[in-house]
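Protein chains: 2
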Amino acid sequence: MRQYALGIDLGGTGTKFGLVDEDGQVLRSDSIPTQQYPDIVEYCDVLCAGLKRLVEAEGLTMGDLAGIGCGAPDANFYTGCIEQATNLPWKGVVPLAKLISERMGVKCTVTNDANAAAQGEMIYGSARGMKNFIVITLGTGVGSGIVTDGKLLYGHDGFAGELGHCKVDYSGNGRLCGCGQRGCIEAYASATGVARTAMEIITATTQPTLLRQLPDIDHITSKDVFNAAEQGDLVAKQIFDYTGHLLGMKMADYVHFSSPEAIILFGGLTKSGHWIMDPIREAFEQNLMPLWKGKIPVYVSILKDSDAAILGAASLVW
Amino acid sequence: MRQYALGIDLGGTGTKFGLVDEDGQVLRSDSIPTQQYPDIVEYCDVLCAGLKRLVEAEGLTMGDLAGIGCGAPDANFYTGCIEQATNLPWKGVVPLAKLISERMGVKCTVTNDANAAAQGEMIYGSARGMKNFIVITLGTGVGSGIVTDGKLLYGHDGFAGELGHCKVDYSGNGRLCGCGQRGCIEAYASATGVARTAMEIITATTQPTLLRQLPDIDHITSKDVFNAAEQGDLVAKQIFDYTGHLLGMKMADYVHFSSPEAIILFGGLTKSGHWIMDPIREAFEQNLMPLWKGKIPVYVSILKDSDAAILGAASLVW
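For the protein sequence lines, the chains are D and C, in the order given. Residue numbering for the first sequence follows my numbering, beginning at 2 and increasing consecutively. Residue numbering for the second sequence follows my numbering, beginning at 2 and increasing consecutively.
These aren't lab readings, by the way, just hints derived from the structure by calculation. Computed from a prediction, not measured in an experiment: that's the story for all the values here.
No copy is singled out in the list; a pair is fine if it fits within one copy or between any two copies.
Result set (DSBU-like, lysine-lysine): computed pairs, CA atoms no more than 35 angstroms apart in a straight line:
#1 Lys152 to Lys294
#2 Lys152 to Lys132
#3 Lys53 to Lys99
#4 Lys224 to Lys305
All chains, full assembly: derive it from the sequences and hints.
Here's what the structure looks like:
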């Protein structure tokens, strides 16, 4: 009998979910807007109704499900709870796994979204066959899933892998990060980090740049910067150089910690191709111990964006 | 039948070795000067003769040994070799485990010296009962042994845990480290790092300090700085503040990586008590994500210096 799993990618803006088969095919998927449900009970009611619709539409029953996997920011694998999330509408400790399991009658496993991405890479993506690697997710925040000896690294309390909050500026005057600290790499290499860098450079220079002509200059995206770079815009190149340099040098630290076989980057920023990957790889190599120089490839995830997070979450089940 | 193990602590200056019982008692020990044997074959001959003497002196035979464990700088658990060591007389790849096993007729397990220290802490020291912790060794270099989920973290190639070569200065103008990189924490928090800081501060100031009166001012030790600090020397305090600040802030990064239950410091610098531990703990707390603030104790190893490294190495056997 074939087995199926439901995968949920709970994000700050939207929640995507899908029905996945054993081969990693997303058979059906749907989404709901996370921010529209400030009440977690209502959110879970709507989410689970959506999950049930997927199962029924495929002509299946709950008995055909091996389980439900969910990746969410600040989610704890050990407790099944989202704890003190900074970018979600629910405060405090939310027993997400329990709320979903109760409604579905099927076991639900929860983990941090970047861990789900790492699990997805290991089963379906660039990390197939690897037992030691690090996935860094570059999105609204900078997350990480660390696999050592074939298993996700959870640490003492389930929260290991907060690499986005390692610092690139220890002066105390670095950029304020969402976590309350200053100088975290997340404040530079996340989507908002890139926008802040763009604004800083545009403000500090009189150099002509296409970025000044954008209708919403306060919300510059890495896509905007990419488009400008492709047209030869030097300020755009400078933004990618700055961002890539900081991220690459910090990635070298991570290698010194866990000696991975490879680092896999995932998320919006990686779509800027060589503009961002060249400075990342250059700074990475520069800051590695001689022992590792030239030995640790930095890959961009090969998983389709729309499916990767759902597949990663579903893969928690297998 | 009681089982015994031989533990070898191979250091850049001397090699200590001992016969250990199952309860972690060092029954007999001896040492040889590492640097006097530029030929690895001669070194192993002399070392193994010494090991055999310990076994015979205790009235035992090789059959009573469960095995031999050896901690050495740049040693690889996977291959049993010392590889490209920077502070040892032997160049290239040295098949240490094989050379010792052949001479002794007993299996020899080799690992990096800081991993051996971590193993010792887990079995006999401050980390008893912990499954996730980090040991940082502060000696000639800065090493680390990382335990996650009850096991030493080796990474893809056996070299995980080079925390001493994570950087505190990314400018490219930081201190040159023995590894060839600039700005590594090892260049600041090792024994020579402290001496360099002392010389820098003494040179940069006209402040009176007892340290100027030392007979060998080029080789100031943390013990010298401690003695001065105890007498109210402000320059000595400044040296500890600077060193502790850098180490503490870097230690926060390590927590963000593996979420340990505790960090355990081991080695000469820790003997300076509150003078060094206060600034370490202060900078550590300052740089932690709110999630971990106040939750991760920083301990000083409770193992006796003379025994700890031998015990750690021997514990590889059990």
